[in-house]
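Sequence order for the protein chains is C and V. FYI, in this note's numbering the residues of the first sequence are 5 to 464. FYI, in this note's numbering the residues of the second sequence are 5 to 464.
Source of the hints: derived by calculation from the structure; they are not laboratory data. Model, not experiment: these values are computed from the prediction. Warning: the hint list may mix true and false statements.
A pair counts as met if it fits within one copy or between any two copies, since identical chains are not told apart.
[Unchecked claim] Under the rule of at most 20 Å between Cα atoms (straight-line distance), these lysine-lysine pairs were calculated in the PhoX-like manner:
(1) Lys321 <-> Lys60
(2) Lys254 <-> Lys142
(3) Lys328 <-> Lys60
(4) Lys268 <-> Lys461
(5) Lys11 <-> Lys400
(6) Lys11 <-> Lys248
(7) Lys82 <-> Lys299
(8) Lys198 <-> Lys262
(9) Lys194 <-> Lys254
There are 2 protein chains.
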Amino acid sequence: MDLLISKEKATTLTQLEHDLADRKMATVILFEGEGGMAMSHIVNQIVAIFEPRNIKYHCVSNAKLPWIQYCLLNIAPKGTISIFDRGWYTGILSDKESNLSHNINLANSFERYLYNNGVNVIKIFLNFDEDKLKKHKKSYPVTLDGEDDVFNDLGHIKEFNVSKNKISNLLDQTNSKYATWDIIDMGDYKDTVKKIADLIEFRFNDLLKMPRHPEKFDIIEACPNPREKLDFTKTMSKDDYEKKLAKLQKKLAELQIKLAKSDKAMVLVFEGWDAAGKGGCIKRVTQALNPRGYKTFPVPAPTTEEKSHTHLWRFAKSIPDPGKIAIFDRSWYGRMMVEPIEGFCSELEYSRAAGEINLFESSLAKDHVIFVKFWIDITNEEQLKRFNDRAADPLKQWKLTDEDWRNREKWDVYEKYVNSMIKQTNTSYAPWVAVECVDKRYGRIKVLQTIVDTLKKELD
Amino acid sequence: MDLLISKEKATTLTQLEHDLADRKMATVILFEGEGGMAMSHIVNQIVAIFEPRNIKYHCVSNAKLPWIQYCLLNIAPKGTISIFDRGWYTGILSDKESNLSHNINLANSFERYLYNNGVNVIKIFLNFDEDKLKKHKKSYPVTLDGEDDVFNDLGHIKEFNVSKNKISNLLDQTNSKYATWDIIDMGDYKDTVKKIADLIEFRFNDLLKMPRHPEKFDIIEACPNPREKLDFTKTMSKDDYEKKLAKLQKKLAELQIKLAKSDKAMVLVFEGWDAAGKGGCIKRVTQALNPRGYKTFPVPAPTTEEKSHTHLWRFAKSIPDPGKIAIFDRSWYGRMMVEPIEGFCSELEYSRAAGEINLFESSLAKDHVIFVKFWIDITNEEQLKRFNDRAADPLKQWKLTDEDWRNREKWDVYEKYVNSMIKQTNTSYAPWVAVECVDKRYGRIKVLQTIVDTLKKELD
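Construct all of the structure, not just a fragment, from the sequences and the given hints.
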């Protein structure tokens with residue numbers, strides 16, 4: 005492939021590429037538009053300008069995941085430029101017309117999420133006019149007797165099934181301060197590439213100079229809080245428990261098979277006080293399940309790699325495909341409890357957490373995910389009792405750490421954050437269920453019953 | 005699912021599970037055998053014993069990768085137990101008969117690799133006798149009107165197409181001190197599960213008590229060293245270069261399409277002196293390629309997550325699927341240069357590196373990967389000149405670090421390791437090509453020419 009831009013321009017751009025990497029900025033160059041292979045030839049030219057080690061190229065044609073999840077996962081870490089040969093707008097334009105306004109909201113919120121979490125987005129729309137392009141056809145590379153087709157798996161989205169007017173509306177409605185659109189008319193091959201190179205130079209300079217102001221969101225506690233109705237006196241007899249456990253586990257096994265054949269997936273989130281019994285609840289669930297259909301994800305502190313991405317990235321990885329179940333033992337809700345309390349995230353980041361999480365969950369729920377989030381609850385006194393029991397039992401001492409005692413001292417602070425978290429994120433598409441677990445038997449049955457009821461309802 | 009083992013036994017096993025996690029041991033429990041769903045029911049019982057947060061379950065039925073690569077990638081990190089519901093032996097028994105002795109070697113070497121790199125392997129073969137099992141059929145869970153089939157995607161390997169005698173030979177030939185076989189006869193459901201639980205308890209205790217002695221390998225420098233024939237006086241005129249570059253890049257683009265349609269993949273490794281021109285060579289290659297068909301992988305220091313796995317894990321992730329090209333900008337050969345020199349790996353680990361790497365490359369080459377490994381070479385004087393040029397040029401200063409100067413002081417040590425590396429790993433299935441790059445034009449053309457020649461030969 006002959007490079008179409010001058011050596012000087014290439015040097016300028018690679019220097020800027022280095023400056024962005026040096027400042028640990030994450031940058032996305034998103035190309036959208038029509039024009040099939042002609043557009044791809046243009047993008048290939050842009051890719052070839054940069055140092056291969058700092059860029060990641062993605063072509064959405066392979067995406068099987070929901071668009072937002074796919075794009076989020078494929079945004080490269082800090083210090084890297086991600087080039088998307090089509091991205092979430094291709095997702096939107098390929099989706100049902102009736103989802104359009106939902107999708108526009110989603111795209112805007114997604115770009116706002118990226119902006120606030122330090123990812124720059126440069127959006128370039130390549131305007132395609134068939135008549136005009138015909139005149140310039142000769143300036144584009146000749147495809148080798150159709151051999152190029154092996155890479156042309158974008159055939160089905162070569163031309164969107166929507167009018168110019170609709171596209172223009174879409175661009176207008178998604179042109180925000182978080183990510184503005186640049187529109188380039190596709191004409192002569194070399195001219196078009198040059199125009200784009202100039203544009204990228206301009207945008208890169210802009211990014212390096214413009215200060216960023218991540219936003220602070222208002223805390224909106226609008227959802228009901230099921231913790232208010234907790235009744236810790238509830239108990240269950242051993243006989244009753246064993247009968248119900250067997251019955252519910254059998255039912256759950258059947259429903260897992262039904263889920264496996266459906267186009268839905270299930271995500272179970274387990275949060276709760278230390279020693280509340282999360283592990284025991286999870287185990288009663290997994291015992292009922294076929295291991296081929298579920299995965300559990302314990303959530304330790306984020307790794308260096310995970311920290312170089314936006315905070316939801318590491319969870320997006322583990323969202324299950326249709327037919328599968330994912331069980332999170334702690335979750336993305338760390339950002340609304342331990343992280344602000346221990347200072348692992350800033351006040352600004354905490355203020356945005358609920359909005360960002362609701363976006364994440366709603367987009368997945370809209371696509372294929374059934375969410376249930378459990379808050380496993382005990383009283384302060386019960387926790388003390390369990391800590392003391394653990395301390396006294398040589399077989400259980402390992403379960404108790406100094407950190408547990410330190411967290412216990414902050415019970416009141418945690419409780420404030422927990423209630424706020426639930427009131428901000430107990431949505432219809434991803435509801436919180438508070439579980440009384442002072443009596444473990446009662447708690448485990450409530451968890452199983454909730455999952456069974458939810459699956460029954462959702463799979464009918 | 006009713007748990008078939010006693011509560012006491014379960015407590016003992018979870019305590020041992022915790023002890024293994026506490027010592028940061030990585031442990032694989034590999035189940036192999038016939039008996040389809042009956043076997044899966046047994047494995048599910050074992051999975052249900054443990055704390056979900058410390059185990060990872062894998063069923064090989066989804067494996068599309070080469071078996072060794074799939075298993076290596078799915079072995080969980082230190083502190084975790086990986087349960088394989090069938091693994092590499094199912095791979096071997098499903099493979100062509102003519103590959104058997106090769107595969108046996110591979111399995112033994114793989115287990116030796118795991119042993120030496122701190123992964124425990126417990127291999128359990130479930131012996132299946134159809135007549136005997138018929139008597140016990142009633143003890144197994146009733147499948148729900150065939151509904152279970154949704155998870156029974158192992159149908160095609162329900163019974164291996166080989167005689168009992170062959171299986172017995174396979175077990176015998178792969179019963180090594182690195183991973184011994186335990187054979188359990190499948191009988192009554194509950195009895196079988198109990199036997200396995202006892203066995204695992206025994207093996208876990210063994211692992212916790214037995215000292216480990218990772219091996220030291222002999223350094224065998226048996227391969228030819230192309231560095232001995234380097235001629236740094238070679239140059240190429242600008243005219244000649246530009247003509248050849250255009251021609252080779254065009255040819256490479258055509259060959260990429262041919263590769264994309266084949267069942268082969270290509271892995272290009274670039275190693276070389278600092279400032280030798282690796283980046284420039286890589287760029288001339290990628291400029292010719294369609295971005296949809298290749299990925300580049302710069303190799304920085306390993307992350308914490310990567311360090312919790314065996315050293316080849318992070319590279320196994322990036323081995324391309326058929327049709328694709330992967331370009332490594334530095335590679336797994338760090339273990340034979342910077343790591344031993346800077347003390348990032350032990351003398352023992354260095355001694356084993358070539359054997360482990362040759363195993364990795366040969367198994368992939370046997371499967372679908374075409375390897376070319378480039379050593380980009382310059383003279384000591386040329387490096388000094390380039391360092392000084394970089395230091396003097398404000399646009400290039402970022403390319404030069406203090407570390408570069410420190411490494412330069414160790415030129416002689418590096419040279420010794422480089423020569424030894426090449427003489428240990430310049431194999432027929434993954435050859436090293438030494439490239440004179442004092443004249444960058446000459447070097448880049450040699451790289452392109454080598455890739456084109458290799459693809460032509462391999463794809464014919």
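Here is what the structure says about each hint:
1. Lys321 <-> Lys60: Answer is both: 17 Å inside a copy and 16 Å across each meet the 20 Å cutoff.
2. Lys254 <-> Lys142: Answer is between; shortest inter-copy Cα gap is 18 Å, intra-copy 67 Å.
3. Lys328 <-> Lys60: Cα proximity of lysine 328 and lysine 60: across copies only (15 Å, versus 29 Å in one copy).
4. Lys268 <-> Lys461: This pair counts as within: shortest intra-copy Cα distance 12 Å, inter-copy 47 Å.
5. Lys11 <-> Lys400: between (67 Å within a copy, 15 Å between copies)
6. Lys11 <-> Lys248: Answer is between; shortest inter-copy Cα gap is 19 Å, intra-copy 74 Å.
7. Lys82 <-> Lys299: between (29 Å within a copy, 18 Å between copies)
8. Lys198 <-> Lys262: Classified as neither; 55 Å inside a copy, 30 Å across copies.
9. Lys194 <-> Lys254: Answer is between: at 18 Å across copies they meet the 20 Å cutoff, but 65 Å inside does not.
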